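Letter by letter, the sequence shown follows residues 54 to 292 of the numbering used here.
Hints may contain errors.
[Unchecked claim] Quick list of the computed label-pair ranges, beta carbon to beta carbon:
hint, residue 1, residue 2, range
1, ARG176, PRO140, 48 to 54 Å
2, VAL97, ALA167, 18 to 24 Å
3, ALA282, GLY211, 33 to 39 Å
4, ALA238, LEU159, 33 to 39 Å
5, ALA278, GLY81, 30 to 36 Å
Note that these hints are calculated values from the structure, not bench results. Computed from a predicted structure; not experimentally measured. We treat Cβ as the ideally placed atom computed from N, Cα and C, and that holds for glycine.
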Amino acid sequence: MGPYLRLELVRGLRNPMGLVMTTFFPLGIYLVFTRVLSVTPPGVDDFEAYAMVSMATYGAMGSALFIGGAIALERSKGWLAQLAITPLPAHGYVTAKLVSGAIMVLPSIVVVLAGGALLSGVRLPLETWPLLAVLIWAGVLPFAALGTAFGYAIRGQGANLAMMIVYFLLTVLGGLWLPVESMPAGMRTVAEYSPAYAAGSLGWRTLDGLAPAGTSLAVLAAWTALFAALALWRYRRAL
54 MGPYLRLELV RGLRNPMGLV MTTFFPLGIY LVFTRVLSVT PPGVDDFEAY AMVSMATYGA
114 MGSALFIGGA IALERSKGWL AQLAITPLPA HGYVTAKLVS GAIMVLPSIV VVLAGGALLS
174 GVRLPLETWP LLAVLIWAGV LPFAALGTAF GYAIRGQGAN LAMMIVYFLL TVLGGLWLPV
234 ESMPAGMRTV AEYSPAYAAG SLGWRTLDGL APAGTSLAVL AAWTALFAAL ALWRYRRAL
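Work out the full structure, taking the sequences as your base and the hints as a guide.
Written as structure tokens, this is what we have:
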């Protein structure tokens, strides 16, 4: 699986449009929020730091989710059928996709965090920066399983369209663009149990010097189990 994993990483790095959309687009939105609009939502003390975590989570979530687009496209082109005659086991393909996706998530996190520090003047204790990166990275990994499920459920460009819709809905519901405190009470209750909110809360609580909430960890674990089961089901159906 090692050679195929290296191939996946090289292919990811050679996709400039994908890197721009998942890395520099979130940074651009972050700078618009903090440097152009300079809007501070009610209940948020340090909006530059809050938005930094939100946009890093947003970008990383997209990187993880859009693993499915590559799977769907390769299925439509018969790539999986060609791999079937190679020594690579069937599960090795999925594992390589998930591992490479987990690695490709990191640039979007690092770029947005660097933008917060260098361009928006976010100041945090030195040890907080790597902790933020690790927690954001861990928080968005469940979306790789969701993207994999989409990739095995829908062929071709239809998978990207479906994931764009889900990506947008999860982002809004998770409070990554607008804090959940600004939402109506009923919507806020639903939002707090969404996977995007649980992922974002890992970083938001870190800004306040707090450990991840048990509720958020439980929500992430539940969504991860659901997404993984869905991905496994679609994978077996696609064989």
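A quick look at each hint next to the structure:
1. Taking 48 to 54 Å as the suggested C-beta distance range, the pair ARG176 and PRO140 conforms, at roughly 52 Å.
2. A C-beta distance of roughly 21 Å is found between VAL97 and ALA167, which places it inside the suggested range of 18 to 24 Å.
3. For the hinted restraint 33 to 39 Å between ALA282 and GLY211, the CB-CB distance of approximately 22 Å leaves it violated.
4. Against the hinted window of 33 to 39 Å, the Cβ-Cβ separation of ALA238 and LEU159 comes to about 37 Å, which satisfies the hint.
5. Separation of ALA278 from GLY81 is about 34 Å and conforms to the stated range, judged on CB atoms against 30 to 36 Å.
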